[in-house]
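Student: Chains as they are written, first to last, in the numbering used here: chain A, 1 to 81; chain B, 82 to 453.
No lab work stands behind these hints, which were simulated from the structure alone. Using N, Cα and C, we set each Cβ at its ideal position, and we do this for glycine too. Keep in mind that a hint or two might mislead.
Which stretches of chain B does chain A cover? Using the computed rule of at least three CB atoms under 8 Å from a CB of chain A, they are [to be verified]:
(1) 163–169
(2) 218–232
(3) 265–274
(4) 309–319
Reference listing, derived: stretches of chain A covered by chain B, where coverage requires no fewer than 3 residues with Cβ under 8 Å from a Cβ of chain B [as the list claims (entries may be wrong)]:
(5) 45–55
(6) 69–80
Derived lysine-lysine pairs resembling BS3-like cross-links, with alpha carbons at most 27 Å apart [what the hints assert, rightly or not]:
(7) LYS35/A <-> LYS253/B
(8) LYS159/B <-> LYS222/B
(9) LYS298/B <-> LYS2/A
(10) LYS315/B <-> LYS253/B
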Amino acid sequence: MKVLLFGVTRDIVGLAALELESSASNAPGTVGELKGYLKREFPDLKGLSSLAIAVNQHYAEDAITIGPEDEIAVIPPVSGG
Amino acid sequence: MNTERYDRQIKLKGFGPHGQEFLAQSRVLLVGAGGLGVPAALYLNAMGVGRLGLIDGDQVELSNLHRQPIYTEADLGKLKVDCLSRFLKQQNPKSSITVLDTFLHARNALEILASYDLIIDATDNLETRYLLDDACLMLDKPWIYGALHGFEGQVSVFNYQGGPTYRCLFPKMPEQGEIPDCNTLGTLGILPAIIGSFQALEAVKVLCDLEGVLSGKLMIFEGLEQQSRTIAFKRNPNRAIPKEIVAENYNANLCDSGSEAVSYESYLRERNSNQTALIDVREISEFENGSLPEARIVPLSNLKGTLDQHNSDGKAVQELFGKDTSRATRIFLICKSGPRSRVACSLLSQYFPEYEFAWIEGGMRSIKTTSR
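With the rest of the complex left out, here is chain B (with noise of 0.2 Å):
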């Protein structure tokens, strides 16, 4: 170990030598390499961490740019972990960097996570925080929650030395459209920073074995009091192990009647034969950085006033989506991901009858060749 690299760190009282020999075995796994996982990657890397893994499946867009200041303009396009990654190993070239470019999901989630000591939650969406939450608990591992709420943030450690958990916070998933996302409130660029940053710390406690750890407390730091509050919670008794991984649990509820998921591929297929639809229903600065040709956008945040506006009126689903939309066998959904389409999708079916409406699994993102 390059002891000069790590001389302040290694002379702080209470870290020493042992602290940084600590960091030097520990592995580390980063799930999301946007908001959240830039600085803490960037600190856990500089700090001397022996192993970092990077997954996500997201490329660098321009909307991400504010909030994610190692990227460039240079990036767009390009998958977020490569360019994390090369900036990495420039800046600390004996750490491992392991790269995955995809997202973390039911079945591949066990396999991923067991080869790291500690999981760092960087993700945009609670799904995935659900399913960390329930995978941490059956391989026994540590993990680290991150979470912004316009200008406030959470952070806590969980599972940490049988400490409790995500869900003895908050036992159930809420549904679909409870809880709005980033790309719907909007975020100051350096809100994540300072959650992410905190993320960091708490890896560093936790790894090296200091005390203090975020465990079994929950952080709310809000942005515009500059204020911090702890919240004491406890291991629910009741909160049992999970036997396994069910990818169904991780899909939000919604009960959806006649609302159908297809993949990309199918969409296209059907395309090809059949009069259909798109609707894009991610907001306009999302849709206008990249966008399916045929797709028609309704933003989300304006369909429930949109429908309720019809309701009053009786208009016909061709004049709020256009005349295409008059001849289509089905109409189909589609976001960034998947939840905003799956509750456009469900809403529209219980305005529409008549109207047959599938949403995109996976969304925009499971377009491999973009149209940018």
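Chain A on its own, in the form it takes in the complex (with noise of 0.2 Å):
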């Protein structure tokens, strides 16, 4: 599964975009779970409240469940100009 990150996320995680072994278990199956597990994993992502997630370039709600095949984007809010 490939995560791609954008704006803030990018910097605190440090990588342009994720690849997470999607077969494991304990993989994420749904928006909801790939929050919670990138939030384990980058801890400073917990301190972004309003965090959008698309899912093959359509914005996604917790609910929605992901699969291996899906690329999903990370897209928190922007705030220069």
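Bring the two chains, given one by one in their own frames, into a single complex with the hints.
Tutor: Laid out in structure tokens, this is it:
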């Protein structure tokens, strides 16, 4: 499962994209679980109260299920101008 | 209308004389005359938008010039809106330019936005974006969002023909300090020009009823990879039209105990009658471009580290911020417009509960006569 990172999430994780081993039994199966997983792996992400997730380029609520073939984008608000 | 001036546009299939007429009849407000606002204004004005409003209370600073290229060193200290409108009037004498040398806030937003067909978000902060989103929804006006983070930019059109709004993507305004701004992160001069130009293109599409408006779509542009990605999203059915604009909703919420906001005037009164200390929490480059003579610089970006150090060393506050602070009855914090000093205030109140801290509302922006 490919997870693309944008804005401040890219700075926090230090990478533009993550490849998750989605065959593992503890792999996140929904958008909500993925958020929880990322916040455990990268605790600084916990500080972000508004984080949009897109699955295959469509905005996705927490209940949406995700699988190995999906491309996820993690999108925080950006502030500059 | 001078058809020769717009000949190449009128010739363009899919735009034509109708498109030109639509632009001439349009009223567009640019909120911000900085990195995004300058390119958007230049092109909208050149293309023939009939009426442009410019709102920004900032003055031109040396650190603006790399990304706001119509301003020159001769403009330093002058109001951006005055310099920009002077340029726009020369560029296209037919267009009507209205200048507002203030900032958009909860108390003036509805009245100002009401006179325009379309609003362009060329701001540099999230508070104004949430305000724009709510006010435009109340007034049923579309607005064009543009924002930057490092080499990245985001663009979308919100509230267009009942389409999604900013809060449909990011329902809750982030707390202060969650999302860094350009003053802290820095930005490459050309990046805002690219995003501001995308915003001008979207403006034309909205105003001239063209296809492909970025409504319900968030475009993320990545400058290093030269890639853009578009995310589709829908109107949140729970997104209700606000009944009123409440100022407190647009001050980023902070769980701050004992941190108090004061105006610059009340700071001055207190400074004259009591022992006070002032800490400027902007970046050093901003500080060097103009600061209050009594201020000591401790950038917010270094503060956390400094405080963690304090925790392990048990240093007293005066060792961190100078001996003046040992006698101070209250320590004041200042930044460009308020948000960073508010965060600093909250942080310091936690570390030094024995001291009283306050932050200056409106920051350096609220000081009319600068020390420049």
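Student: If a hint holds in the structure, say so; if it does not, say that too.
Tutor: To see whether the hints hold, each was checked on the structure:
Here the stretch 163–169 of chain B counts 0 residues with a CB under 8 Å from a CB of chain A, which misses the bar of 3, and the coverage is violated. Counting residues of the stretch 218–232 of chain B whose CB lies closer than 8 Å to any CB of chain A gives 5, which reaches the minimum of 3, so the coverage claim holds. Closer than 8 Å: that is the beta-carbon criterion, and the stretch 265–274 of chain B has 3 residues meeting it against chain A, so the requirement of 3 holds. Using a Cβ-Cβ cut-off of 8 Å, 6 residues of the stretch 309–319 of chain B lie near chain A, which meets the minimum of three, so the contact claim holds.
Coverage of the stretch 45–55 of chain A by chain B holds. Counting CB-CB distances below 8 Å, 6 residues qualify, and the rule asks for three or more. Judged by the Cβ-Cβ criterion of 8 Å, the stretch 69–80 of chain A is covered by chain B as claimed, because 7 of its residues qualify and three suffice. Between the alpha carbons of LYS35/A and LYS253/B the distance comes to roughly 16 Å, so the proposed pair stays at or under 27 Å and holds. Using a Cα cut-off of 27 Å, the hinted pair LYS159/B and LYS222/B is violated, with the two alpha carbons roughly 31 Å apart.
Between the alpha carbons of LYS298/B and LYS2/A the distance comes to roughly 21 Å, so the proposed pair stays at or under 27 Å and holds. For the hint pairing LYS315/B with LYS253/B, the CA-to-CA distance comes to about 16 Å; that is within 27 Å, so the pair holds.
Checked against the numbered hints above, the structure violates hints 1 and 8; every other hint is satisfied.
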